[in-house]
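Keeping the supplied structure of chain A fixed, place chains B and C upon it in accordance with the hints.
If you want the building blocks of each chain, they are given just below.
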Amino acid sequence: MTIRTASRLQTVVLVIANILGVLAFAWPFVLPYATGASRDRFDAPLILIGLLVCIGTLLFVELGRGGMGPKTVALIGVLGAAMVALRLPGFVAGFSAMFIVVLVAGNAFGPTFGFLLGAVGTFASGLFIGGLGPWLPFQMVAVGWVGMGAGLLPKRSWGVRIGTLAAYGFVTGYLFGMVMNLWEWPFFTSGSAFAWDPAGGAATNLNHYLAFYMTTSFVWDTFRAIGNLILVVVLGRPLLGALDRAARRMRLELTTV
Amino acid sequence: MSDPALRFDHVTFTYPEGARPALADVDLQIAEGAFVLAVGPTGAGKSSFLRSTNGLVPQFTGGRFRGRVHVAGRDTTEHPPRALADVVAFVPQDASASFVLDRVEDELAYGMENLGVAPAHMRRRVEEMLDLLDIEPLRTRSVRTLSGGEQQRVAIAAALTAGPRILVLDEPTSQLDPQGAEDVIAALQRLVHDHGATVLVAEHRLDRVAGAVDVALGFDRGSVRMGDPAEVIRRLAIGPPVARLGRLVGWDPVPLTVRDARALARTLPMRIVAHASAAGETRISVRGLSAEHDGVPALRRIDLRIGGGEIVALMGRNGAGKTTLLRSIVGVHRPSAGDVLVDGRAPQPGVDVGLCPQEPESILFADTVADEVRSTLQARELPDDPDTILIELGIDDLASRHPRDLSAGQRLLVAAAAIAAARAPVLLLDEPTRGIDPDAKERLTRFLRSHAADGGVAVFATHDVELAAAVATRVVMLAGGEVIADGDPATVLGDSRVFAPQMTRVFGPGWLTPEQVAEAMA
Amino acid sequence: MNIHPAAWIAWATCAGIVAFSTTNPFYLALVIAIAWFVYAACHVPGPTARSFRVFLIAGLAAMAIRTALVFFGTVDANNVAFAAMEGMRLATILVVFGTFNAVTDPFGVVRMAPRRFHEPALAAALALSIAPRTIASAQRVREAQTLRGLRTTGLRSLPALAIPILETGMEDAVTLAESMDARGHGHGTRSRYRPQPWNRRSILCTGAALTAAVAFSAAAFTGVAGLHPSTFPLLWPEVSAGLLAAAGLLAVPGLSRSRGAP
Numbered sequence: 001m002t003i004r005t006a007s008r009l010q011t012v013v014l015v016i017a018n019i020l021g022v023l024a025f026a027w028p029f030v031l032p033y034a035t036g037a038s039r040d041r042f043d044a045p046l047i048l049i050g051l052l053v054c055i056g057t058l059l060f061v062e063l064g065r066g067g068m069g070p071k072t073v074a075l076i077g078v079l080g081a082a083m084v085a086l087r088l089p090g091f092v093a094g095f096s097a098m099f100i101v102v103l104v105a106g107n108a109f110g111p112t113f114g115f116l117l118g119a120v121g122t123f124a125s126g127l128f129i130g131g132l133g134p135w136l137p138f139q140m141v142a143v144g145w146v147g148m149g150a151g152l153l154p155k156r157s158w159g160v161r162i163g164t165l166a167a168y169g170f171v172t173g174y175l176f177g178m179v180m181n182l183w184e185w186p187f188f189t190s191g192s193a194f195a196w197d198p199a200g201g202a203a204t205n206l207n208h209y210l211a212f213y214m215t216t217s218f219v220w221d222t223f224r225a226i227g228n229l230i231l232v233v234v235l236g237r238p239l240l241g242a243l244d245r246a247a248r249r250m251r252l253e254l255t256t257v
Numbered sequence: 001m002s003d004p005a006l007r008f009d010h011v012t013f014t015y016p017e018g019a020r021p022a023l024a025d026v027d028l029q030i031a032e033g034a035f036v037l038a039v040g041p042t043g044a045g046k047s048s049f050l051r052s053t054n055g056l057v058p059q060f061t062g063g064r065f066r067g068r069v070h071v072a073g074r075d076t077t078e079h080p081p082r083a084l085a086d087v088v089a090f091v092p093q094d095a096s097a098s099f100v101l102d103r104v105e106d107e108l109a110y111g112m113e114n115l116g117v118a119p120a121h122m123r124r125r126v127e128e129m130l131d132l133l134d135i136e137p138l139r140t141r142s143v144r145t146l147s148g149g150e151q152q153r154v155a156i157a158a159a160l161t162a163g164p165r166i167l168v169l170d171e172p173t174s175q176l177d178p179q180g181a182e183d184v185i186a187a188l189q190r191l192v193h194d195h196g197a198t199v200l201v202a203e204h205r206l207d208r209v210a211g212a213v214d215v216a217l218g219f220d221r222g223s224v225r226m227g228d229p230a231e232v233i234r235r236l237a238i239g240p241p242v243a244r245l246g247r248l249v250g251w252d253p254v255p256l257t258v259r260d261a262r263a264l265a266r267t268l269p270m271r272i273v274a275h276a277s278a279a280g281e282t283r284i285s286v287r288g289l290s291a292e293h294d295g296v297p298a299l300r301r302i303d304l305r306i307g308g309g310e311i312v313a314l315m316g317r318n319g320a321g322k323t324t325l326l327r328s329i330v331g332v333h334r335p336s337a338g339d340v341l342v343d344g345r346a347p348q349p350g351v352d353v354g355l356c357p358q359e360p361e362s363i364l365f366a367d368t369v370a371d372e373v374r375s376t377l378q379a380r381e382l383p384d385d386p387d388t389i390l391i392e393l394g395i396d397d398l399a400s401r402h403p404r405d406l407s408a409g410q411r412l413l414v415a416a417a418a419i420a421a422a423r424a425p426v427l428l429l430d431e432p433t434r435g436i437d438p439d440a441k442e443r444l445t446r447f448l449r450s451h452a453a454d455g456g457v458a459v460f461a462t463h464d465v466e467l468a469a470a471v472a473t474r475v476v477m478l479a480g481g482e483v484i485a486d487g488d489p490a491t492v493l494g495d496s497r498v499f500a501p502q503m504t505r506v507f508g509p510g511w512l513t514p515e516q517v518a519e520a521m522a
Numbered sequence: 001m002n003i004h005p006a007a008w009i010a011w012a013t014c015a016g017i018v019a020f021s022t023t024n025p026f027y028l029a030l031v032i033a034i035a036w037f038v039y040a041a042c043h044v045p046g047p048t049a050r051s052f053r054v055f056l057i058a059g060l061a062a063m064a065i066r067t068a069l070v071f072f073g074t075v076d077a078n079n080v081a082f083a084a085m086e087g088m089r090l091a092t093i094l095v096v097f098g099t100f101n102a103v104t105d106p107f108g109v110v111r112m113a114p115r116r117f118h119e120p121a122l123a124a125a126l127a128l129s130i131a132p133r134t135i136a137s138a139q140r141v142r143e144a145q146t147l148r149g150l151r152t153t154g155l156r157s158l159p160a161l162a163i164p165i166l167e168t169g170m171e172d173a174v175t176l177a178e179s180m181d182a183r184g185h186g187h188g189t190r191s192r193y194r195p196q197p198w199n200r201r202s203i204l205c206t207g208a209a210l211t212a213a214v215a216f217s218a219a220a221f222t223g224v225a226g227l228h229p230s231t232f233p234l235l236w237p238e239v240s241a242g243l244l245a246a247a248g249l250l251a252v253p254g255l256s257r258s259r260g261a262p
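Protein chains in written order, with the working numbering: chain A, 1 to 257; chain B, 1 to 522; chain C, 1 to 262.
Bear in mind the hints are in silico, worked out from the structure with no lab data behind them. Be aware that one or more of the hints could be misleading.
[To be verified] Covered by chain B, per the in silico footprint, the following chain C stretches (three or more residues, Cβ under 8 angstroms): (1) 54-64; (2) 73-86; (3) 122-128; (4) 144-158.
[Claimed, not checked] Non-contacting residues of chain A with respect to chain C, defined by C-beta distances greater than 12 angstroms in every case (computed): (5) Ile76; (6) Ala81; (7) Thr122; (8) Phe128; (9) Leu152; (10) Arg161; (11) Thr164; (12) Ala167; (13) Met180; (14) Phe218; (15) Val219; (16) Arg245.
Everything numeric in this text was worked out from a predicted model, so none of it was measured. In this text, a Cβ means the ideal position worked out from N, Cα and C, and glycines have one as well.
For reference, chain A alone in the conformation it holds in the complex (with noise of 0.2 angstroms):
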């Protein structure tokens, strides 16, 4: 029985999709535009939209040809079931509770796993609570990140592991945020202060947007972000303690990036 490894090949899609997945995120800052009236507003959308559907096809047409496998399958379904199931208790300001999930079994299980639960239940927290919303492939993506992320930490020694996943936690509890007003804030803000200029550079943008973010979402994600460092404090060590037992007594054999 042999353990598979990555190939070169998924290494490198994932790579490009992670980069125009940042693409996408970031257009507003980096890609130029004529003025235009009307159709400015219409097109830019769309190519967003478009660059995630890529993104999207991508990374499932890899993981099909690959196959996740019914040990993958099984615990993407029983820990996106706690994502869901913990999406909701607890919510104060922007803190949810199902981030800890993400980010131990990232931790553990590697960074293709730790994407792919982070993406797969936030879109089944998403249809629990009956919230297919336009903000979903976004979201997915973002979180996907955030257990990707989780899986690249070191785990030297259980001190360097929990403290690391913690600051790690924290950080990404603000990112996260950033990320997710990114693609809210042109539509939210032109003909204002704070408004994307399609004429200006990235500077001007980069400042208008911080000044945006500072003043709506900053309170929200600052409840993320000690939540996060919390949970990974109290609860790091049992959990992934259970899990590293679990992924040794399955034998998981993941793909690993």
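Just chains B and C, lined up with the frame of chain A:
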């Protein structure tokens, strides 16, 4: 001479982190159409054996595997489990955890979808299976809403739709009530007798299944002895009460069914007069208790008085109100009328009354068994001495093990230790013997007796008639939220048709345990 | 005749495109009204029906916030009108999604995933069906631990609550994975037990929605006046009968209901 359905050629298997082989030089053949029973203590290799028939061992589990297993002619080391789905069906112990989809129909079709069967053919097979397992009325139901017995039958049907002729089940009746168990065994017999399927079952609860099988496999520390069921059971010193009686009085072959035992029971001992056991002072007083569950009345004006030293078995169909009554006594379920007093006042949950829940693993969270007990001791500010309670339950040798590595029976004992460590005088247990092996059951019984002997009270809800017969001093039967019978076991169980223990069925009311009968016969 | 889930996705996407392409309050109001009508005609009874109300409220909130943001800059009638129209566009998109959520069955959406997406879709379906059990398990664990005398509030109590749930979940995952493996998961090309047919109604609804989307996209591309009413200076918005009719096509799912059938 047709090929055997299963062939094991000198198979030795060790788990990746196992110290000793789980299967040691297993060499046997099972013919087509046989109904085979795998018996033996926990950890002897039954589970590994079952999983070797479809390739889960070694392809899913990993480990060191020597020898060859051929199922319907296919080598399990050359075919992954998914490639054997059309020849061998596997049904795990916990059917509800194995469901993939929501509706019964869709669940049945899942296996065939995997194998790319054409839709028209799939529809036909689904209809066949619905009829075969007698689950047609359930076809559009959600699997989560079914009873245990129904779920088990759906799981069996779902595994069979892909067409396999070999069916392997891991303790199918362990979590079922008597009716559910009946239905499952009857379905298996139909499969064997009417449809020529080969069925392999591992079981601890042998009362019903032992008499139905043709061949038994006795497991002992990894090695297997194949033979006549009566012989294998006698040799392993396990079995239904009639078999235990047979061993005690020296019958050979030991009877496996009530019918066999009746034929052998020539001498009829004198009738025992049932006498009420003298109970101590009243410790639990339930007066006019009515309670609701999910808006529906669950208990109707229950009156009950239980004294010190009593061990009470609470019995009745699923939904009769047993769990609600237990929860009312412990003080977490608020009554809609009436009250419950423990030692004269309203019970303090966990302090006056302890409750071991239906799923014992729902409370296990520590790294070691000793730590598990310690957390209760610390919470109740009792001295840090986990070993005392562990010794009382006979599991002090497990003190440094991780609770999740243990068998179902051992886990139950650990949970009971964690609850009983609080030293509440009243101890309640909700279906404690579900899925546990005879050895753990024995330890639990001993503990309950010593708890009662110290003046405490034990009340347990159960479907296990033999447990009630063996240890209870009193039996209370519930139906529809009301008490319909309350008295000593000999009378109450002797009166009941459904809940009569095997000794009663053979010798008449008043006879409860093999030991009792053997003593009277001497 | 039920509408295929893919047709609903097409409808929601096209309605979204129509809303995206304009800030004209008359067109948007029409789309909102149609979304409400389709919801009323086609919603699946059950918990998902309330999601329409949730999205409606979210839409109104989005509109209010968007308009309020104007007060960070210069406040005049033009800016306020502009912001209100942008807000209304957001609200329309949200209401469309509200309808989509209320008319589709979550399991249906997942089950009709194309073959390549079968495994992630299955994982999502599993998460949905296991979730109620996880929640019930959490309540049981909490009660049982309380009875042991352990704290069930505060941070210290979390390990005693979270670990049993996770460990049991892991064990269930093993049982599930074994069962799936033994039933041929991943064997080869799959077939479908009850393929959802692309019936006439689904085709009709999809066609109508596509037409509406194409009409509005073409109008946007060719810069038809009235799609983005001028606010500098503030003028009454123009409407064209053609585009109104095109938007009206989005009501086909509600209009094509046969009597009595869901």
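(message) Would the non-interface assignment of Arg245/A survive a Cβ cutoff of 12 angstroms against chain C?
(response) 8 angstroms, violated
(request) Just double-check Met180/A for me: nearest Cβ-Cβ distance to chain C has to come out over 12 angstroms. (result) 14 angstroms, holds
(request) Against chain C, does Thr122/A hold up as non-interface, every C-beta pair farther apart than 12 angstroms? (result) Incorrect as stated: the minimum Cβ-Cβ distance to chain C is 10 angstroms, not above 12 angstroms.
(request) Count residues of the region 122-128 of chain C with a Cβ under 8 angstroms from any Cβ of chain B, then say if the count reaches three. (result) Coverage by chain B holds for the region 122-128 of chain C (3 residues, Cβ < 8 angstroms).
(message) Verify this for me: three or more residues of the region 144-158 of chain C with a beta carbon less than 8 angstroms from a beta carbon of chain B.
(response) Contact hint for the region 144-158 of chain C vs chain B: holds, 8 residues under 8 angstroms.
(message) Minimum C-beta separation from Ala81/A to chain C exceeding 12 angstroms: can you confirm that?
(response) 4 angstroms, violated
(request) Please settle this one: Arg161/A was flagged as non-interface, so is its CB more than 12 angstroms from every CB on chain C? (result) The claim holds: Arg161/A sits with its nearest Cβ about 17 angstroms from chain C, beyond 12 angstroms.
(request) Could you check that no beta carbon of chain C comes within 12 angstroms of the beta carbon of Ala167/A? (result) 19 angstroms, holds
(message) Taking beta carbons only, do three or more residues of the region 73-86 of chain C come closer than 8 angstroms to chain B?
(response) It is violated, with 0 qualifying residues against the three required.
(message) According to the definition I'm using, a residue is off the interface if its beta carbon is farther than 12 angstroms from all beta carbons of the partner; does Thr164/A meet that for chain C?
(response) Holds: least Cβ distance 20 angstroms, greater than 12 angstroms.
(request) Take a quick look at Ile76/A and tell me if its Cβ sits farther than 12 angstroms from every Cβ on chain C, holds or violated. (result) Non-interface label on Ile76/A violated, nearest chain C Cβ at 4 angstroms vs cutoff 12 angstroms.
(request) Confirm or reject the statement that Phe218/A sits farther than 12 angstroms, beta carbon to beta carbon, from all of chain C. (result) 15 angstroms, holds
In this structure, the hints that do not hold are numbers 1, 2, 5, 6, 7, 8 and 16, in rising order.
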